[in-house]
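Please dock the two separately framed chains into a single complex, following the hints provided.
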Amino acid sequence: MSNLDMTPGQRHTVMGNQAICRGALEAGVRVVAGYPGTPSSEIIENLARAADEYGLYVEWSVNEKVSLEVAAAGSLAGMRSLCAMKQNGVNVASDFLLHLAGSGVRAGMVLVHCDDPGALSSVNEGESRHFARMLELPQLEPGDFQEAKDMTKWAFELSEELGQVVMLRSVTRLSHASGGVVAGPLPQGEAKARFEHHGTLLDTNRGPVSSAPVSVKHARQQEKLARAVELFEQSPFNTYQGPEEPELLVITSSICQLYVKEALAMLDAAGRVGVLKLGTTWPLPPKLIQKNLQRCGRIMVVEEVIPFLEENLKILAAEMAAEVGPKEFLAKREGYIPSTGELNPDLVAEALARALDIQYQPRPAEYAALAQAAAPSTDSPRELAFCPGCPHRASFWSLKNALALDGRDGFICGDIGCYAMGARPSNYGILKTLHAMGSGTGLASGFGQLGRFGMDQPVMAVSGDSTFYHAVIPALINAVHQRSPMSLVVLDNSGTAMTGFQPHPGTQNNAMGQPVPPVDLEAVCRTLGAEVTVCDPFDLEATREAALKMLADQSKAKVLILRQLCALSPERKGKKLYDVQVDPDKCLGGQCGCNRFCTRAFGCPGLTWERETGRASIDEVICAGCGVCASVCPAGAITKTERG
Amino acid sequence: MAVELKHDPYNLIITGVGGQGNVLASRMLGSVLTSQGLWVTIGETFGASQRGGSVMSHLRLSQQGSWSPQIPSGQAHMVLALEPLEALRVLLKYGNPGSQAIVNDRPVLPYAAITGKAPYPDTGEMREQLAKLTARAWTIPATKTALELGAPIYANIIMLGALASLGELPMNRDDFERELTRSLGPAKVPRNLEAFDLGASMVAA
Chain A
1 MSNLDMTPGQ
11 RHTVMGNQAI
21 CRGALEAGVR
31 VVAGYPGTPS
41 SEIIENLARA
51 ADEYGLYVEW
61 SVNEKVSLEV
71 AAAGSLAGMR
81 SLCAMKQNGV
91 NVASDFLLHL
101 AGSGVRAGMV
111 LVHCDDPGAL
121 SSVNEGESRH
131 FARMLELPQL
141 EPGDFQEAKD
151 MTKWAFELSE
161 ELGQVVMLRS
171 VTRLSHASGG
181 VVAGPLPQGE
191 AKARFEHHGT
201 LLDTNRGPVS
211 SAPVSVKHAR
221 QQEKLARAVE
231 LFEQSPFNTY
241 QGPEEPELLV
251 ITSSICQLYV
261 KEALAMLDAA
271 GRVGVLKLGT
281 TWPLPPKLIQ
291 KNLQRCGRIM
301 VVEEVIPFLE
311 ENLKILAAEM
321 AAEVGPKEFL
331 AKREGYIPST
341 GELNPDLVAE
351 ALARALDIQY
361 QPRPAEYAAL
371 AQAAAPSTDS
381 PRELAFCPGC
391 PHRASFWSLK
401 NALALDGRDG
411 FICGDIGCYA
421 MGARPSNYGI
431 LKTLHAMGSG
441 TGLASGFGQL
451 GRFGMDQPVM
461 AVSGDSTFYH
471 AVIPALINAV
481 HQRSPMSLVV
491 LDNSGTAMTG
501 FQPHPGTQNN
511 AMGQPVPPVD
521 LEAVCRTLGA
531 EVTVCDPFDL
541 EATREAALKM
551 LADQSKAKVL
561 ILRQLCALSP
571 ERKGKKLYDV
581 QVDPDKCLGG
591 QCGCNRFCTR
601 AFGCPGLTWE
611 RETGRASIDE
621 VICAGCGVCA
631 SVCPAGAITK
641 TERG
Chain B
645 MAVELKHDPY
655 NLIITGVGGQ
665 GNVLASRMLG
675 SVLTSQGLWV
685 TIGETFGASQ
695 RGGSVMSHLR
705 LSQQGSWSPQ
715 IPSGQAHMVL
725 ALEPLEALRV
735 LLKYGNPGSQ
745 AIVNDRPVLP
755 YAAITGKAPY
765 PDTGEMREQL
775 AKLTARAWTI
785 PATKTALELG
795 APIYANIIML
805 GALASLGELP
815 MNRDDFEREL
825 TRSLGPAKVP
835 RNLEAFDLGA
845 SMVAA
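Chains A and B supply the protein sequences, listed in that same order. The opening position of the first sequence corresponds to residue 1 in my numbering, with each subsequent residue numbered one higher. The opening position of the second sequence corresponds to residue 645 in my numbering, with each subsequent residue numbered one higher.
Simulated from the structure, these hints should not be mistaken for laboratory data. Small disclaimer: the values here were computed from a predicted structure and weren't measured. Take these hints with a grain of salt, some might be off.
What the hints assert, rightly or not - In silico PhoX-like cross-links for lysine-lysine, where the CA-CA straight-line distance does not exceed 25 Å:
(1) K575(A) with K788(B)
(2) K573(A) with K761(B)
(3) K832(B) with K576(A)
(4) K573(A) with K832(B)
(5) K788(B) with K586(A)
(6) K788(B) with K576(A)
Isolated chain B, as found in the complex (with noise of 0.2 Å):
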């Protein structure tokens, strides 16, 4: 199947904090782009650093085959944070010029700032940094908009939502419904969806 990629491999990093549903995110993404003919390559974080710890995922897409589970520094394209700080913290090891970001805009305190030992960074300074550090960055309110829905964890679709309506990659409404289907089941469909839309209607391309 021809799909045309804007780079070979893409490299897209899903970051957030452990518990987030960062793991989730990046195999439904994987999935829905597997079934597209792509070749990817995912790899993660996992054990004690699933709750409260920085988490990533990192996702090659390619026409040609396996790449290193590890994205090289200065190489991501895209970054897709669940966390403020954490996209940051991302896009200071592997971002570049061109690199793009979506980031949700609520902070999970690390354990230093809630101890009072050190504070979390200021929010506005955090967005002109991401500013400058990307070419194109949005910033969307995925756990606020979450909470609506009725729980948190939707934040995660929601964030998909808005990367699938870039057209940066090769998916679309229908493929996630197909992906949201297989992994958690008919019931869990609607409100998933319903968070995907939320997250689409989140971003201009």
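Just chain A, with the same shape it has in the complex (with noise of 0.2 Å):
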């Protein structure tokens, strides 16, 4: 039974993500591709393993790029279709999307996307909604689960009566949270694929789909904007509450309404505030809009990171002066509502009591003391460190150590994936540079080439086995191409580990569980022309020679593949290799010399510092039994024995 079967008619609490499923098999989606991205992983994963029963093709797609377009094969082949990212995947896609968005698509098809403000699982906090603009797409947001899941399926049908893509946004606050949705009656019947092409190249529904001849399609596009508009005039999903009249109005979208909703209960402000909350955010309805910048002269918008909603709004307002007279904004750029980050209910409500001049504490100030006083206990933050049994603290523990041997000062171009946290100082800070999908090898294959300017450091790259696939490649074949110098390491753990294990072409099984051909990582790069080694991480002495041997090599690009499952795997978790025991007799502690080097220098959670013995011990509830530590102490004091 999959987690989206749910009763018609009956509340359940779901996830966002959960709920954008809901609503895509409501509107009878039938082809479904994504990249894993968080917080948009979910989507695909709780589609794939729904496929069987709903009929539905789901796929795990080797990039952004690659997903959009066959998703999109599936629209034009006349099958609804969804496509499913987080915000960076946009950036990958916008080059096809951008062709898209002018040939139009067939049966409904929508790209969700999801941005994470606050950056809470990214490297960034960049904003899909201006591709809605940039790329003349209509854009959609939900504000809470029961929209997550109608909009969704409105979004099907709007995209069908437009013959246009849908972007339908979501943030990490509603992609990850859960809350209550009342479930729809799913259709009924059988589909069947077919592609028309015999039509003439303007025959949107039987001729050849291409976005030329570009004078007509791009006037089509705009039709189809404008077409939004009026559409968007009358959508139920915006929405106005509070009086005729109000003080202040306060225009959000998104997940920020709730924000709003809950700013106003704390500050016992909702009669004096008027809110409007925006489900269509791209292209805005202006007469809407004009009907409530009529109601007061002070405009609060509530949205987060960039101004996108309040920029569109200033335009629309210049343009109506006329009508609606000049207004007030308190926003970002009055800096009412913050630039970067995440917002929550204390942030919009710090905004709302500045400008309705109300004095607002949430606590006695007798208690906000005794938390102040008791705060220095809690100072140590957790830092983020690798998994117990994490093959890649092992890895880039022995790169580390190849990397002070060879003495040259070199350096590590990180990428995108759990290894990230490599850059962290609990992770050795070894990645030394860190941007988006396969650029670490980009960077390295331009670094490499830097010698002939007096450069002496080595370089490496990291990549894991799903970037590898995404984005590395090209990449890969620019180094091996222009004989750079450099060594890419492959850290091979056997599936997309940071976001929840997915398959990717390596591996065995599809995103609906079938067995798929696994497309050879080794055979790759060696087709390519380089170089390979394979190691297993786990052997500490084996994997520091041979990245010292790639070191030592500034002839070419090499390629080392640290092969070891994820600690995390269906295959691995929970279950130990080793147990792994410290021998009191023989580690000395603070007495030995070494200084507490395992917990000190190696840093892994699974062995700890006692103060009271002075001695390394070994935490059962977290040790994953990976034994690596027995080769990290110089005293021979960890001892590991193989589990039966």
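Shown next as structure tokens:
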């Protein structure tokens, strides 16, 4: 049973991402594709699990651009289709998205893009709503869990009515939060796909599909937007609540509308403030905006990160100045709402309290003082560290030692995946650059060419296996072809570990759990012309030697594959390879001369330093039994015994 | 269905360290309370903080509808903490004089403590602060009991058992047993129900 099975008419508590999936099922979606990225991943995961039951095709594509192409093929053949990705994915997909916007689609097609304000699980807080404006596509933003379902269903109908792909934006606090959703009925009936292509180039439903002839198609695209505006004027997803003539009008969208509701309750100010909640945020419906701007002279715009709504509203307010009069805006540019980081009820309450001149104190001053006094106990934050048993800790340990032994101040260009945590001090601070998928290899390819300008530091790049297929291959082709003396280390843990262990082209099963031919990573590298070495990162000595050899060879691009299962992979999770013990007679702790080497330098959370005994010990609750620390102790005081 | 809540929304925070079963506990609790007719909104920490980082789930229970998945500062009614330092961390931001807390007594050392860069706070001191920052607090040996049951992961169910027995929220053993069967499958019910009962016996209302 998939967790999208819900009783129609009954309320269920589900994640925002699940609500989106249920909406897609209620719309009769058939083709689904995406690439994993927090906070979007559960959309494809849930639909993949439901594929058999509901007759869907679901795939984890090699990257977001390809996933959009796969979903578009579904739409062009008459199947409603959905594509899901995180904010960066829209950058990757945007090249095709621009052309798809020009060509239009046939059966309803929805691009769900999930932003991460506050960068809770990202190395950026990019705003993908701007693609809607830049590429001239309609943009929807659900404001709660029920809307996440209902708007997704409606997005398919809208897409079909317009013949255009519709962008539906979620954010972490909707995608990953859970709330009440009343399920609707599911459609019945078989689906048959067929691509009509014998009509003329201008025949939208039967001809070949292209954004050319551009002059005609681009004009048509803008007519679709104009039609979207007409529909948005009437949309039930744009709502107004509050007095007819409020002191302040708040205009908001997305999950921010819940923060506004909460803040008004906290300040007991609902009677003074009107709230216009917009579900259709591009293009904005001008009649609806005009009617609401006329309510009062002070406008607060509550949205996260970049002032998207704010700027578009200000343009409309300027255009309508004769009808609506001058407006005072209280938003990001005026310093009421922050322009970085995610919002929350407290930040919105602060802005509202300032605008309405209300004094608000969340708890008695006396309690606040007690909390202040207790604060030093909690000073030490929990630094993110690799999981106990993580092969990346072992890999980075060996790479760190190899770079030190090489002695030329070499460095590693990082990439996107769990191993990006290698940039943190708790994971040896070993990554010195960190950008987009595949960029570590591209940067290393560039650094490798700088020897001619006197640069004598060797360079390495790391990449995970999923990242390798996604965007490293072209960069590696470049490095090999340009003879860049760099070393690519592929940290192959056999899955897309960071986002929950999704399959990728190197794995033996697809998203729906069916067997598929894995694309051999090692063979791909060799075919591209790279010299390849494969090592088990748990073998610290062999890994260090292999890395040293790579660093020494400054003639060409090389690949070192470090292969070991993720500690959380289904095959490994909860299973200890070894029982690990500290021999209390051999561990002399502070007296050893090693200066607590295992805990101070290696730093696995399964190993702890006991202040009372002055010795290392294994925390049986945390240790995953990889046994790597046994190779680290200079005194041989940590022992491992294989488990039967 | 008419269910009495002491506050609306009732704000509950489950906290701990990534890997302790925080998310599962919040979902099971949310599911049980939804079946009682309440609107439940849950905000969770995900992603890179899954392992070893501080994690927190915010549960909002209401008769009226969805609330923000983030509880405003100073507004927690109940804190369920799988780790003592995290209990304190949460109370500093979300506690108020009426807050209550159930706390697992077993520390999980932060990286800075493992590497010897910073000490883990003194247990006695933390207890004192906990008492000052709550109206009522219970400290229970959840991980120790879970290890006796066979695996540390039962600690989250022990904590839920303790919470259920306080009578603060409309949930009982039968509701919970149904949820265990639904979310974990029948084979895992007896041991988890045992954990639930042990938790219930650890707090006196």
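Against the structure, the hints come out as follows:
This hinted pair checks out: K575(A) and K788(B) have alpha carbons roughly 20 Å apart, not beyond 25 Å. For the given pair, K573(A) sits about 30 Å from K761(B) by alpha-carbon distance, which is inconsistent with the 25 Å threshold. Between K832(B) and K576(A) the alpha-carbon distance is near 21 Å, which keeps this suggested pair within the 25 Å criterion. As the CA atoms of K573(A) and K832(B) are separated by approximately 18 Å, the hinted pair is consistent with the 25 Å bound.
Simply put, K788(B) and K586(A) have alpha-carbon atoms about 28 Å apart, too far for the 25 Å limit, and the pair is violated. Taking the CA atoms of K788(B) and K576(A), the gap is about 20 Å. The hint holds against a cut of 25 Å.
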